[in-house]
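4 protein chains.
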Amino acid sequence: MIVVMDKNYTSDNINQVVKYIKDKGLETNVSKGKSKCVIGILGNISVENLEKISAMKCVEKISKVQEPYKKANRLFHPEDTVVNVNNSKIGGGNLGIIAGPCAVESEEQIVEIARQVKDSGADFLRGGAFKPRTSPYSFQGLELNGLKLMQIAKAETGLAIVSELMSVSYLDEFMNTVDVIQIGARNMQNYDLLKQVGRTNKPVILKRGLSSTIEEWLLSAEHIMAAGNENIILCERGIRTFETYTRNTLDLSAIPVVKKHSHLPIIVDPSHGTGHSQYVESMSMAAIVAGCDGLMIEVHNNPKQALSDGQQSITPNEFDKMMKKIKLLSELDRNLK
Amino acid sequence: MIVVMDKNYTSDNINQVVKYIKDKGLETNVSKGKSKCVIGILGNISVENLEKISAMKCVEKISKVQEPYKKANRLFHPEDTVVNVNNSKIGGGNLGIIAGPCAVESEEQIVEIARQVKDSGADFLRGGAFKPRTSPYSFQGLELNGLKLMQIAKAETGLAIVSELMSVSYLDEFMNTVDVIQIGARNMQNYDLLKQVGRTNKPVILKRGLSSTIEEWLLSAEHIMAAGNENIILCERGIRTFETYTRNTLDLSAIPVVKKHSHLPIIVDPSHGTGHSQYVESMSMAAIVAGCDGLMIEVHNNPKQALSDGQQSITPNEFDKMMKKIKLLSELDRNLK
Amino acid sequence: MIVVMDKNYTSDNINQVVKYIKDKGLETNVSKGKSKCVIGILGNISVENLEKISAMKCVEKISKVQEPYKKANRLFHPEDTVVNVNNSKIGGGNLGIIAGPCAVESEEQIVEIARQVKDSGADFLRGGAFKPRTSPYSFQGLELNGLKLMQIAKAETGLAIVSELMSVSYLDEFMNTVDVIQIGARNMQNYDLLKQVGRTNKPVILKRGLSSTIEEWLLSAEHIMAAGNENIILCERGIRTFETYTRNTLDLSAIPVVKKHSHLPIIVDPSHGTGHSQYVESMSMAAIVAGCDGLMIEVHNNPKQALSDGQQSITPNEFDKMMKKIKLLSELDRNLK
Amino acid sequence: MIVVMDKNYTSDNINQVVKYIKDKGLETNVSKGKSKCVIGILGNISVENLEKISAMKCVEKISKVQEPYKKANRLFHPEDTVVNVNNSKIGGGNLGIIAGPCAVESEEQIVEIARQVKDSGADFLRGGAFKPRTSPYSFQGLELNGLKLMQIAKAETGLAIVSELMSVSYLDEFMNTVDVIQIGARNMQNYDLLKQVGRTNKPVILKRGLSSTIEEWLLSAEHIMAAGNENIILCERGIRTFETYTRNTLDLSAIPVVKKHSHLPIIVDPSHGTGHSQYVESMSMAAIVAGCDGLMIEVHNNPKQALSDGQQSITPNEFDKMMKKIKLLSELDRNLK
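Protein chains in written order, with this note's numbering: chain A, 1 to 337; chain B, 1 to 337; chain C, 1 to 337; chain D, 1 to 337.
Here chain A stands alone, though its shape is the one from the complex (with noise of 0.2 angstroms):
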């Protein structure tokens, strides 16, 4: 960590910052140039302390070395993390594809879409119950029923099932029916939802934040990693931009970024993050060749009828092409490496 003395410092501030900072049983090092000071913090100092120092008149400003984030970094475990669920595994080489329908609709629906996406290889099912809606007046999904209906399929597919928990109010409920719990990109900052979750060792899917960097988005892998879940996969899901044709900007770049940051698997669900069924396969194969863990798409059998989100679903119909391309694709990709 680096102190950036202000312009007009004097050997007595120099002094108090030195002081404050030895105070805390750290080392220090200054270096004094023609016009500026600068004081290196040597070892570990909290975030609080920090917060003090660069509220002194005499610090122009502080700038950081190391990343704030411990357990999800790569740099303390060079392994990549595996998450195994049921018997399906993700990250380490192991591609997960989950795939589904935006909200669960009826037992016909989800259990429909639930085999068809297994004989196209889909190895979770995903499905709404509970819906964050931007509106109090859309549809906020079947909420505990479709819970159910979701194990239905399971029973009927032997899919892995994924559902998204918007309340630690029905937290008992979803660790008595999914497979995975998905925090969605509008909780990934309800630290008092991370926190619950880290205390369960249920596998979490974190999404990313609509304008999370993705420093923030490790930092909220953290908040469950140091409550104790280590069972965390990332999801890739679109930033908010200023760009209109397409519904988020897909930042595909961060999964190699998040690759070298950390060991935590990173999957992308390229519906929510284009928000059109037609640019899906082609990020999807994308995804997969800048070395994703696995995929998250939107499937429904009649998108034109879906309660929600159908204009960025595609048919399992379509869904099946993808896969036969995807597995293609993975090979190759395996053999270049």
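Simulated from the structure, these hints should not be mistaken for laboratory data. Because the structure is a prediction, the values reported are computed rather than measured. Check the hints yourself; a few may be wrong.
Cross-link-like lysine-lysine pairs, in silico, BS3-like; alpha carbons within 27 angstroms at most [as the list claims (entries may be wrong)]:
| # | chain 1 | residue 1 | chain 2 | residue 2 |
| --- | --- | --- | --- | --- |
| 1 | D | LYS304 | C | LYS19 |
| 2 | B | LYS337 | D | LYS321 |
| 3 | D | LYS61 | C | LYS304 |
| 4 | C | LYS64 | C | LYS19 |
| 5 | D | LYS327 | D | LYS337 |
| 6 | A | LYS195 | A | LYS70 |
| 7 | B | LYS325 | B | LYS154 |
| 8 | A | LYS118 | C | LYS337 |
| 9 | C | LYS32 | B | LYS19 |
Stretch by stretch, here's where chain B covers chain D in the computed footprint (C-beta under 8 angstroms, at least three residues) [what the hints assert, rightly or not]:
| # | region |
| --- | --- |
| 10 | 208-222 |
| 11 | 239-250 |
For the chain A half of the interface with chain B, some residues (derived, Cβ under 8 angstroms), not all of them [as the list claims (entries may be wrong)]:
| # | residue |
| --- | --- |
| 12 | LYS52 |
| 13 | ALA55 |
| 14 | MET56 |
| 15 | MET166 |
| 16 | SER167 |
| 17 | SER169 |
| 18 | ASN187 |
| 19 | LEU219 |
| 20 | ARG240 |
| 21 | LYS304 |
| 22 | SER308 |
| 23 | GLY310 |
| 24 | GLN311 |
Glycine included, every Cβ here is placed at the ideal spot set by N, Cα and C.
Once you've looked at the hints, dock chains B, C and D against the given chain A.
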């Protein structure tokens, strides 16, 4: 609402869309151009039903004509909403000044700051008991004990108290202790929390999300209002942009925009909005003449020792000087109207 | 085009708008709802005339139905454009690989790199002679001498050469030396420059502006095409967002979006797009399977001695390995279609 | 400047970096921590030399300590710059009010508006003769004839005239006709144009680019100053964000930020900044109390007939009312200092 047909549309496609809309009990207007056809929908169509239309292959896109929020919409409620808190009012020409530290740290600290900001003319005391922190290793607040200290400060000064609620589990404690519940930027789309505070009659400060459009913000207010609570104060606190010289970009144009579209009062937080104490006074004054209904200012008696956000807190002395200017400005501003 | 009337519209207002439109020789369709009235305009109305409508007090807003670009629009030109440069082609299934240093530094440097990238399979040599630099104190390029060195490298290798034109004053020199003129991101809306290159028949690479929407980018292509030059290659090179782990956010979804809306070829520059050499290979591979028509890659024989952008340049050896993978990928990709 | 070494650094690596820096005639300070090593550079290192360091494999990153602009930097020039234009001044407590239409349309139009804005207290007349338009099919301005009409309006009223220069080819004509050359947002990084106006002594209004940081903006001013022209007025005109209720997001915090970092005057254009005439007055007043040195306001005698940007222009009558308020505000503001 306008449906724009795909360029390859057929008469059958038009009939299909028109039939779908008429089956919902609504009327249509069809306009055929040379290469485009547009269908107007007259009346109120729900969001789910719209999504189905946009998923039809023959439809290129849908354009909204009306705002999606109703209770928060000035169109249906032309008079300014005035929120009453104990003996103070915010909105409709009443300026509410909220001041205090980012975090409650001790009885001595909160009571001293409370006395000073009251002397300078503040009506409300802010103070964080539960702190949303990006890192799990930062100071998380004094929690329930913080609320108790706020109550002591209230007993000493009579100031109404404002504190941030992050978890529905603490709603009962907040109902019994604070005068205004603050929903932070990170929780602006935590719909579970919005719905729960919506079921109370406690005044709510709803901060704008870091990358939320004004429309999304008003829709979050609508979530609270739809649940029954109309005592909402909006708070602009800066949005995320590419600029790095400020912590966020304070969007003061949100003030006249909100005034046009909604009847709800809007206040401004220049401390988080800029992230630097030296910019707080100029942005506060600008917000006043732009027409805001109040300010939320971080004041700390010892910023360099503050446990959080010291660099953006002003001292009680700086606050006092600023309040004198604000009184003059706000008098002039009233005369100019 | 759709005109949405203000909620307080009168019949006179409608007549006024309708008359204005009819006077331009166009037809209208009026749809009156309970609290809104919408007027459709059939036929082609110019942008200036539209702006006048939106300034009328009785008009709330205007919604576009058709894309504002015509020559660049796939709607009116369904076949892929193929740009021919000497013996190479870009677009319509032909992949163009452009490689070379950020800046030309010396004859030895540019000739050595040219030989190496040619051996690995590149068709084009890039090299900056005139460099747009944020700071006036940075290295500005070898200027005209740089172009001469590029010609030497062309004579040695036969590679077509690509260099950035920043000023109309040098257009003649560029016409006589380079095979493709590059317009950089900062000049994407330098309309004087666009118009001048539009009057030539030289192939142009048009980079996307740092914060340009795809629509604005296609409109800049339209400026060149409207002046007479249709040999345009679009180049996605990352957009500005809040993310800091990458220099820009590479928007790979721009590939299928451009393919849908335009017939022009699109290539990708992952070197500027990510800003880090270690992310270049994965993003290049992703761009290929996403359907791009080529790549522009910074290659330097000694990145740590490069006079600019060394941190994002790969070595000839890394480029060679990547090209082998790209050939395999692109074969597979062709088979998958 | 701080060099952060890679975690796998060796003593050899340190020696290599230190030697490189010392060879440039600069001194270093090495601070070794447990898992990190940091090297401070004392003195002024050029940007190219820095880039070479950051490309070394053993270096993780480089952190800047000093601002990269010098002539524009308040650190080296503490007094406010005052720009003199004929008999008017902008900066150092002198408010410059610039008003007029987006585009010059006719002699009658420009002379009438000039008279009216002069009567209300404007010092400068703005008017576009050459218009940068996103679409090549929009009205491009009256070009040289527009400049002649501006001169007629100047002869009638004595107002100094301001017009946008888009091409170096017209620099001579501008030198002979306008009093202030405006560089538009799209050309903020057109370095060829900056350098050419830098070689004159004509006052320049430099608009902030649509997505430029304040640092980049000051560096563009530095380009002009480095070429010899120090008569620069910065103009904040809104930045691009995700918000859609306003055309751009007007960044009023840029005023105190620029005042802190630079001695150059800064004015505000709320017409482009918000894109809606109804928000111009409140944002103008806010800009004044935030400390700006002037305003640039679009005024049109017949906004609904304007050939461009009618929806953001106010009428001469609205301008007159606003100017009365601004005089009162600015008097109060002076007294408050």
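To see whether the hints hold, each was checked on the structure:
no.: 1; hint: LYS304/D / LYS19/C; in the structure: 14 angstroms, holds
no.: 2; hint: LYS337/B / LYS321/D; in the structure: 11 angstroms, holds
no.: 3; hint: LYS61/D / LYS304/C; in the structure: 13 angstroms, holds
no.: 4; hint: LYS64/C / LYS19/C; in the structure: 20 angstroms, holds
no.: 5; hint: LYS327/D / LYS337/D; in the structure: 16 angstroms, holds
no.: 6; hint: LYS195/A / LYS70/A; in the structure: 17 angstroms, holds
no.: 7; hint: LYS325/B / LYS154/B; in the structure: 26 angstroms, holds
no.: 8; hint: LYS118/A / LYS337/C; in the structure: 24 angstroms, holds
no.: 9; hint: LYS32/C / LYS19/B; in the structure: 19 angstroms, holds
no.: 10; hint: 208-222; in the structure: holds (count 4)
no.: 11; hint: 239-250; in the structure: holds (count 9)
no.: 12; hint: LYS52; in the structure: 6 angstroms, holds
no.: 13; hint: ALA55; in the structure: 3 angstroms, holds
no.: 14; hint: MET56; in the structure: 5 angstroms, holds
no.: 15; hint: MET166; in the structure: 5 angstroms, holds
no.: 16; hint: SER167; in the structure: 4 angstroms, holds
no.: 17; hint: SER169; in the structure: 7 angstroms, holds
no.: 18; hint: ASN187; in the structure: 6 angstroms, holds
no.: 19; hint: LEU219; in the structure: 5 angstroms, holds
no.: 20; hint: ARG240; in the structure: 5 angstroms, holds
no.: 21; hint: LYS304; in the structure: 4 angstroms, holds
no.: 22; hint: SER308; in the structure: 6 angstroms, holds
no.: 23; hint: GLY310; in the structure: 3 angstroms, holds
no.: 24; hint: GLN311; in the structure: 5 angstroms, holds
Violated hints: none; the structure is consistent with every hint.
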